[in-house]
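> The lines below spell out each chain.
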Amino acid sequence: MSDKKQFMFLNRRAPYGTIYAWESLEVVLIAAAFEQAVSLAFIDDGVYQLVTGQDTTGIGMKNFSPTYKTLGDYEVRHMYVDKDSLEARGLSVDDLVVVPWEDWETEETVDNIVEVVDSAKLAELLEESDVVFSF
Amino acid sequence: MSDLHTVNKSPFEKNSLDTCLRLSKAGSSILLYEDGVYAALAGTSASEKITGALADRKVYVLEPDFRARGLKADRLIEGVEMVDYAGFVDLVDACSKVQAWV
Amino acid sequence: MPIEVNGKTLETDEEGYLVNLDDWEPAVAEAMAKEDDLELTDEHWEIINFLREYYEEYQIAPAVRVLTKAVGKRLGKDKGNSKYLYGLFPYGPGKQACRYAGLPKPTGCV
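Chains as they are written, first to last, in the numbering used here: chain E, 13 to 147; chain F, 10 to 111; chain W, 8 to 117.
What the hints contain is simulated information worked out from the structure, not anything from laboratory work. Worth double-checking, as some hints may not be accurate.
Straight line, CA to CA, 30 Å or less: simulated DSBU-like cross-link-like pairs of lysine-lysine [what the hints assert, rightly or not]: (1) K81/E <-> K90/W; (2) K81/E <-> K84/W; (3) K23/F <-> K58/F; (4) K106/F <-> K58/F; (5) K112/W <-> K80/W; (6) K81/E <-> K81/F.
All values derive from a computational prediction rather than experimental measurement.
Using the sequences and the accompanying hints, generate a full structural model.
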């Protein structure tokens, strides 16, 4: 085992109505510098953070939804989306942003690190994490 | 004149909408804004709340907040009306008072 | 401290970053570089333009490590390394180049 810790960022709030989504994103960007294994989970209203087509020109706030697309460059390896939360909101993976990932040394690529998972899988992932940051 | 009720919390996270619907009277108007706009979407586990309310109340959604969240107008519950900021002001003006469910 | 560019006074924060991103024009980078006694070459502009494109697409200024990797991918491995980037921007490619490009300081950059 390496000394890398498994970091899990748990996102449960919709964007813009509160500051949680943006704060989480900022911490994720900073955490990448520490070279840990970073995963994100989107549960409950957190799934709304990944919805495409956000346009904040009318509310005078920064649209940070494009930033999720670069998380693969920040060594985020997994973005898990809770299936139940998605379905309860009438959404599917087609409504969500696509985030590519590439290993710059080996040139191994993943087309999309956004992955819809069920509760059992999510419970397992949370248990496996060394640290869970809640937003 | 009737009251205007405003709801700015997600129906999936807070009970603001539930309490608003329980305590607002027939003939009143409800405006969904900020995270409250998620209640206006068809095909969700919360859609029935708004379709039920539409039987005897008017429901509005604030367009800038709706667009900010990437939501599509074609998924709006039938009968819900979109308003801009000026429309919001008109609603306030047309109602006797504003009751905010924050 | 405000910066004078083409007769206009542009607001900057205490570290010299533009307050309003929309104020940027190439002359801003020239003026900032002049204050640092640096002459901007095509190689500098390549990085500045790259940063502006990155910001346009992702709405953040990239961390140095991300910038280095992305430059390597886009402009070639001989440019995607800190030696090359620090050679161009001795105060740090993240901080200095982002400032010239009119972007905010990269998140997590101290």
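> If a hint holds in the structure, say so; if it does not, say that too.
Here is how each hint holds up against the structure:
| no. | hint | in the structure |
| --- | --- | --- |
| 1 | K81/E <-> K90/W | 28 Å, holds |
| 2 | K81/E <-> K84/W | 23 Å, holds |
| 3 | K23/F <-> K58/F | 14 Å, holds |
| 4 | K106/F <-> K58/F | 23 Å, holds |
| 5 | K112/W <-> K80/W | 22 Å, holds |
| 6 | K81/E <-> K81/F | 21 Å, holds |
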